[in-house]
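Peer 1: Sequence:
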Amino acid sequence: MKGVVSSLSEIQSRGNFSWRNLLLTTTREIKGKEYTDVYEFQVSGNSLDTLSESCVGCEAEIMFNIRSREYNGKYYTNLSMWKMEYTPNEGSAGNYSKPTPSVETSDDDLPF
Numbered sequence: 046m047k048g049v050v051s052s053l054s055e056i057q058s059r060g061n062f063s064w065r066n067l068l069l070t071t072t073r074e075i076k077g078k079e080y081t082d083v084y085e086f087q088v089s090g091n092s093l094d095t096l097s098e099s100c101v102g103c104e105a106e107i108m109f110n111i112r113s114r115e116y117n118g119k120y121y122t123n124l125s126m127w128k129m130e131y132t133p134n135e136g137s138a139g140n141y142s143k144p145t146p147s148v149e150t151s152d153d154d155l156p157f
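Residue numbers (the working numbering): 46 to 157.
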């Protein structure tokens, strides 16, 4: 999914599990009208170490898994990001070793 990174939450923890929430805004045009959607992704594991606030406002492509779980008869769905590629905006803070930083949990692009 491609869009603009709208925001990145602070690191949250519960027990030994830590995560951040990332908002991605997408726009599309249908019959001359522009529609905007916002998606919230959960970022955890090794991806937390390489994610930076400097990605906010950047065009990004996010690879993710969709997971749903049942709890007390209700289903909860989570968009779990496992890779993000983006190009930093001009003048954004941060040190980059590559022109397109990549957040990955594995070398073979598999989400597990």
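Since the hints were made in silico from the structure, they are not lab data.
Hints are supplied without guarantee of correctness; some may be wrong.
DSBU-like cross-link-like pairs, simulated, lysine-lysine; straight-line CA separation at most 35 Å [claimed, not checked]:
no. : residue 1 : residue 2
1   : Lys47     : Lys78
2   : Lys78     : Lys128
3   : Lys47     : Lys119
4   : Lys128    : Lys47
5   : Lys47     : Lys76
6   : Lys76     : Lys128
So the derived label-pair ranges between C-beta atoms look like this [claimed, not checked]:
no. : residue 1 : residue 2 : range
7   : Ile56     : Asn134    : 32 to 42 Å
8   : Ile56     : Gly77     : 11 to 21 Å
9   : Thr95     : Lys119    : 17 to 27 Å
Keep in mind the model is a prediction, meaning the values are calculated, not measured.
Even glycine gets a Cβ: it sits at the ideal position worked out from N, Cα and C.
Peer 1: Next, verify each hint and record whether it holds.
Peer 2: Verification of the hints:
Simply put, Lys47 and Lys78 have alpha-carbon atoms about 19 Å apart, close enough for the 35 Å limit, and the pair holds. For the hint pairing Lys78 with Lys128, the CA-to-CA distance comes to about 31 Å; that is within 35 Å, so the pair holds. Distance check on the hinted pair: Lys47 and Lys119 sit about 29 Å apart at the alpha-carbon level, within 35 Å; holds. Between Lys128 and Lys47, the direct Cα distance comes to roughly 12 Å. Compliance with the 35 Å bound is thereby established for this hinted pair.
Restraint check: the Cα-Cα separation between Lys47 and Lys76 comes to about 21 Å, which is no more than 35 Å; the hinted pair holds. The straight-line distance between the Cα atoms of Lys76 and Lys128 is roughly 32 Å, inside the 35 Å bound, and the hint therefore holds. A hinted range of 32 to 42 Å for the beta carbons of Ile56 and Asn134 is inconsistent with their spacing of about 23 Å. The beta-carbon spacing between Ile56 and Gly77, approximately 42 Å, falls outside the hinted interval of 11 to 21 Å.
Range check, Thr95 to Lys119: Cβ separation about 33 Å, and the 17 to 27 Å hint is violated.
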